[in-house]
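Student: Chain B: place on chain A using the hints.
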Amino acid sequence: MTLQVRAGEVLGIGGVAGNGQDELLLALSGEVRARPEAIQLGGKPVGAMGPNERRHAGLLTAPEERLGHAAAPDMSLTENAFLTGADRKRLTRNGFVDWRETQIFAEDIIKTFDVRTPGPGVAARALSGGNLQKFVIGREILQNPFVIVVNQPTWGVDAAAAAFIRQALLDRAAAGAAVLVISQDIDEILEIADKFAALNGGRLSEPVPTEGLTVDRIGLMLGGAQGHSGAEEVQHVPA
Amino acid sequence: MFRLEKRPTPSTFWIYATPFLAVALTMVAGGILFAILGKDPVAAIKLIFFDPLFSADYASYARPQLLVKAGPLILIAIGLSLGFRAGIWNIGAEGQYVIGALCGAAAGLAFFPTDSRWVFPLMVAAGALGGFLWAMIPAILRTKFNTNEILVSLLLVYVAKQLIASAALNFLRNPDGAGFPGSRNLAQIPAMANPELIPGTGLHWGGVAAILAVGVAYVMLQRHILGYQIKLAGQAPRAARFAGVNSDRLIVLCMGFSGALAGMAGFFEVSGPAGQITIDFGAGYGFTAIIVAFLGRLNPIGIFFAGLLMALTYIGGELAQLVLGLPAAAIQAFQGMLLFFLLAVDLLANYRIRFILPGAR
Numbered sequence: 001m002t003l004q005v006r007a008g009e010v011l012g013i014g015g016v017a018g019n020g021q022d023e024l025l026l027a028l029s030g031e032v033r034a035r036p037e038a039i040q041l042g043g044k045p046v047g048a049m050g051p052n053e054r055r056h057a058g059l060l061t062a063p064e065e066r067l068g069h070a071a072a073p074d075m076s077l078t079e080n081a082f083l084t085g086a087d088r089k090r091l092t093r094n095g096f097v098d099w100r101e102t103q104i105f106a107e108d109i110i111k112t113f114d115v116r117t118p119g120p121g122v123a124a125r126a127l128s129g130g131n132l133q134k135f136v137i138g139r140e141i142l143q144n145p146f147v148i149v150v151n152q153p154t155w156g157v158d159a160a161a162a163a164f165i166r167q168a169l170l171d172r173a174a175a176g177a178a179v180l181v182i183s184q185d186i187d188e189i190l191e192i193a194d195k196f197a198a199l200n201g202g203r204l205s206e207p208v209p210t211e212g213l214t215v216d217r218i219g220l221m222l223g224g225a226q227g228h229s230g231a232e233e234v235q236h237v238p239a
Numbered sequence: 001m002f003r004l005e006k007r008p009t010p011s012t013f014w015i016y017a018t019p020f021l022a023v024a025l026t027m028v029a030g031g032i033l034f035a036i037l038g039k040d041p042v043a044a045i046k047l048i049f050f051d052p053l054f055s056a057d058y059a060s061y062a063r064p065q066l067l068v069k070a071g072p073l074i075l076i077a078i079g080l081s082l083g084f085r086a087g088i089w090n091i092g093a094e095g096q097y098v099i100g101a102l103c104g105a106a107a108g109l110a111f112f113p114t115d116s117r118w119v120f121p122l123m124v125a126a127g128a129l130g131g132f133l134w135a136m137i138p139a140i141l142r143t144k145f146n147t148n149e150i151l152v153s154l155l156l157v158y159v160a161k162q163l164i165a166s167a168a169l170n171f172l173r174n175p176d177g178a179g180f181p182g183s184r185n186l187a188q189i190p191a192m193a194n195p196e197l198i199p200g201t202g203l204h205w206g207g208v209a210a211i212l213a214v215g216v217a218y219v220m221l222q223r224h225i226l227g228y229q230i231k232l233a234g235q236a237p238r239a240a241r242f243a244g245v246n247s248d249r250l251i252v253l254c255m256g257f258s259g260a261l262a263g264m265a266g267f268f269e270v271s272g273p274a275g276q277i278t279i280d281f282g283a284g285y286g287f288t289a290i291i292v293a294f295l296g297r298l299n300p301i302g303i304f305f306a307g308l309l310m311a312l313t314y315i316g317g318e319l320a321q322l323v324l325g326l327p328a329a330a331i332q333a334f335q336g337m338l339l340f341f342l343l344a345v346d347l348l349a350n351y352r353i354r355f356i357l358p359g360a361r
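Chain order of the listed sequences is A and B. The opening position of the first sequence corresponds to residue 1 in the numbering used here, with each subsequent residue numbered one higher. The opening position of the second sequence corresponds to residue 1 in the numbering used here, with each subsequent residue numbered one higher.
Bound conformation, chain A alone (with noise of 0.2 Å):
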């Protein structure tokens, strides 16, 4: 597949479940590594790099899973916050953890995302999917991703929580970052994203803009009408 993300622009990606979303995170997350080419972060080639030289290039994600994977069920949120904002949020000493900047990062997604929690010393599994799922987001955003990628940010989230989710993320695009949004919420992607493209199969439709995009249409994009095949994964984006 071949997609491309603007700075500034928010690009939904839909389909129903199972037609390669995780596999999509994961290979732009770093879990599962490629070709150093196959992934490019405003033409430098991050495809052979893992999650924390993604991160340190400024590709941010948040996969579906929120406890077990985004999440260390059992860890305070403090040391949660350390899991993906060691680098960007300079959490480290000579390989020794600052708590305490950690612990100050982790109260300032709280404050900010509106967590409900009593504190940062709270394990994740302790939170509400809604809280943890703000807190898991709030994370990343608060890093200043270049390109932030999240895969069912509000997936079984509370309607305030939700809407709170979509506008931070319209927030970081609006900041100038390239947004990519995989959902099987086809009205949250007409909602916030400006394009679209639907995922059928492992294969990605053509990008269209969401403005004037019929329900028919998209229904014939997901059912794989438009199925653009190649395994070529490009992000790019422009200063």
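Treat the hints as calculated values from the structure; they're not laboratory data. One thing to keep in mind: the hints can contain errors.
[As the list claims (entries may be wrong)] Calculated from the model, a selection of chain A residues having no Cβ within reach of chain B, i.e. all distances over 12 Å:
{"id": "1", "residue": "Gly58"}
{"id": "2", "residue": "Gly129"}
{"id": "3", "residue": "Asp158"}
{"id": "4", "residue": "Gly212"}
[Stated by the list, open to error] Stretch by stretch, here's where chain A covers chain B in the computed footprint (C-beta under 8 Å, at least three residues):
{"id": "5", "segment": "134-147"}
{"id": "6", "segment": "243-255"}
Being a predicted model, the structure only gives us computed values, none of them experimental. For glycine and all other residues, C-beta sits at the position ideal for the given N, C-alpha and C.
Tutor: Then chain B, alone, in the frame of chain A:
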């Protein structure tokens, strides 16, 4: 009727209470075992847990033995606990311990006779290196070929035992030993001996290393990024991958660290309490340390106390054998019960037991 209900989060109270409960249950079950063997259970339990420390007759001998026996147990268990936390199961510490003793002794004896002060540190390093390399076999097989490190490390224990037996009979055999198997007695060679540092305490360099290891492991788990990665990999493997933790690197580090500590423990033993390489060197510390690691909740401070307790059962067990004529196997069964009960009562940390009246739902 009763039913088990999973707790949403493990009970903090029971996490700390279960080791004590396990010890208590072991005393009860052990007492029953001793009673069946025709011994007075109360006297036997008192002999194992109380007399080594407080009896006027035995304490002068037994108290120093506490640190002698706890030292290697703690040192090995600290190494094992890091891997266990990350879900890396080095079950072959006994083999790494034996190889460490062999390499450390061989490195020193290669320079015999000598009185250089550098020989002892060299021997410590050689012991650690030997244990490290022996642990690298299961580690590399795991990372390259995805073999099971539990089986490989365990089976290598028996290879290690054959190697040390062979060394005791052949290339390390004491040339002045009238043909008897066994190496020169390191404890009698000043440059190579690992003596009691403070008379009457039983503290030798192995005990010092054990205390240092407790401190290093504690700081690492609390503050170092490696400790964070170890905990993350053990608790949430997918989150660890997402966080960019390199699992192969973690396997090599954890196996290597535990192997090096076990190897060091082996060397401190052979140059001190044991004295020489013998055919049957290795008293099972490497296996008992697994119990110590879990009894101490894989927590460095906990392991320190668990090591002391386990050492007490060794010493008390020996006393019980001498005084009451209990068979050695009964003492081993007693130690085994401790792990059994510990794993069994662990249930209480994760589950709540609900009693339900018949008929009610």
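Student: State for each hint whether it applies.
Tutor: Tested hints:
1. Gly58: holds, 15 Å
2. Gly129: Per Cβ check, Gly129(A) is outside 12 Å of chain B; nearest 14 Å; holds.
3. Asp158: Given a closest Cβ separation of 20 Å, the condition holds.
4. Gly212: holds, 37 Å
5. 134-147: It is violated, with 0 qualifying residues against the three required.
6. 243-255: That given contact holds, which follows from 3 residues of the segment 243-255 of chain B lying within Cβ reach (below 8 Å) of chain A.
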